[in-house]
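J.: Please model the complete structure; the sequences and the hints are all you need to start from.
Sequence lines, in order, name chains D and H.
The first sequence begins at 1 in the numbering used here and counts up by one.
The second sequence begins at 1 in the numbering used here and counts up by one.
Incorrect hints may appear among the rest.
To spell it out: a stretch of chain D is covered by chain H in this simulated footprint if at least three of its residues, at any positions, have a beta carbon under 8 Å from a beta carbon of chain H; those stretches are [as the list claims (entries may be wrong)]:
| hint | stretch |
| --- | --- |
| 1 | 22-30 |
| 2 | 87-94 |
| 3 | 98-106 |
From chain D, some residues computed to sit far from chain H (all C-beta separations above 12 Å) [said to hold, decoys possible]:
| hint | residue |
| --- | --- |
| 4 | Gln17 |
| 5 | Gln42 |
| 6 | Pro43 |
| 7 | Arg46 |
| 8 | Ala48 |
| 9 | Asp49 |
| 10 | His50 |
| 11 | Ala52 |
| 12 | Arg55 |
| 13 | Ser57 |
| 14 | Glu60 |
| 15 | Arg66 |
| 16 | Gly77 |
| 17 | Gln79 |
| 18 | Ile81 |
Keep in mind that the hints were calculated from the coordinates and are not lab data.
By construction, the Cβ of each residue, glycine as well, lies at the ideal position given by its N, Cα and C atoms.
Number of protein chains: 2
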Amino acid sequence: MNATPVPPRTALSAPDQDRVFAALANATRREVLRLLRDDGPQPVQRLADHFAMSRPSLSEHLKVLRQAGLVSEQRAGRQRIYRLEAAPLSEVQDWLGPYERFWRAKLASLGALLDRIPHEEAQ
Amino acid sequence: MNATPVPPRTALSAPDQDRVFAALANATRREVLRLLRDDGPQPVQRLADHFAMSRPSLSEHLKVLRQAGLVSEQRAGRQRIYRLEAAPLSEVQDWLGPYERFWRAKLASLGALLDRIPHEEAQ
DNA sequence: TTGACGAGTAGGGAATCTCCTACGTATTTT
DNA sequence: AAAATACGTAGGAGATTCCCTACTCGTCAA
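T.: Given below as structure tokens:
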């Protein structure tokens, strides 16, 4: 009964939360996270292949992600391997928790409403 | 078997997601959401009581939240009652889904690591 | 050791954000 | 009808974002 199944998670400070949400508020950065998630850790050049923008601009996006704690970098020769760090996303999920009942209530009543509408096959 | 337990949820377009995440990337706006969540729908003046900033500035924050679909406004005399709209937050949760296994893996291994450290009672 | 390569930084420009004060507008009270 | 109330918008200042091109730095290959 002394085991620690889940380590303690410290809630992020407001500025840290700002940084995480701001990092996510950009389609390029979300796509980087998706690539790291689906294709695993990879160097900058391979990430850059997926974007039309200049590589230095992508470098800046990576910096924003790093400062938000969403990715980490590991040097390998002259490459830098970026890796997804999902911990801040679990903080986002924790933040969402208290709101969940609101959208569940809404979706449930909308579902009930839809059920009351006669189903028409064609328009 | 023709009932609709949950209504169809259309995924947000990238610019819409940008708007939601950007709206959340500000402590004042997150606090507004919390107030609407915990204290229910309320007029602008009552929200403004909680902030040091000018009321017009808060009005602009409310506009950002409105444009992200996170709040709705209903006029009542010369007041405008703001209400939490949690639907976009459920989109955020959906977006988080595919990342969940990453932080679960990380937290689990960290938990296991902590379990291997001898528990010391005092420093 | 010289050159090429992978990646970050510097600096700059246009747009956007976040705050302010002043003002406009609709509604309610007197 | 006039004054007060509740709120939004206009316009502006200063900071930040997001993109670019040029350049620097470290590492590997010839």
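J.: Against chain H, does D:Arg55 hold up as non-interface, every C-beta pair farther apart than 12 Å?
T.: With a cut-off of 12 Å, D:Arg55 remains clear of chain H, as the shortest Cβ separation is near 22 Å.
J.: Should the label of D:Gly77 as a non-interface residue stand, given a Cβ cut-off of 12 Å to chain H?
T.: holds, 26 Å
J.: Find the nearest Cβ of chain H to the Cβ of D:Gln42 and say whether that gap is larger than 12 Å.
T.: Holds, since 15 Å exceeds 12 Å.
J.: Does D:Gln79 really sit off the interface, with its C-beta more than 12 Å from all C-beta atoms of chain H?
T.: Fine: 22 Å to the nearest Cβ keeps D:Gln79 off the interface.
J.: Just double-check D:Ile81 for me: nearest Cβ-Cβ distance to chain H has to come out over 12 Å.
T.: holds, 16 Å
J.: Go check the stretch 98-106 of chain D versus chain H for me, would you? Three or more residues, Cβ under 8 Å, otherwise it fails.
T.: holds (count 6)
J.: Does the stretch 87-94 of chain D contain three or more residues whose Cβ lies closer than 8 Å to a Cβ of chain H?
T.: n = 5 at 8 Å, threshold three: holds.
J.: Determine whether the non-interface label on D:His50 survives the test: each CB of chain H must be over 12 Å from its CB.
T.: holds, 14 Å
J.: Can we trust that D:Pro43 is non-interface, i.e. its beta-carbon lies farther than 12 Å from all of chain H?
T.: Holds, since 19 Å exceeds 12 Å.
J.: D:Asp49 clear of chain H by more than 12 Å, beta carbon to beta carbon?
T.: At roughly 20 Å from the nearest Cβ of chain H, D:Asp49 sits farther out than 12 Å, so the non-interface label holds.
J.: Holds or violated: is the Cβ of D:Arg66 farther than 12 Å from all Cβ atoms of chain H?
T.: holds, 17 Å
J.: Over 12 Å from every CB of chain H: does D:Gln17 meet that, or does the non-interface label fail?
T.: violated, 7 Å
Checked against the numbered hints given earlier, this structure breaks only hint 4.
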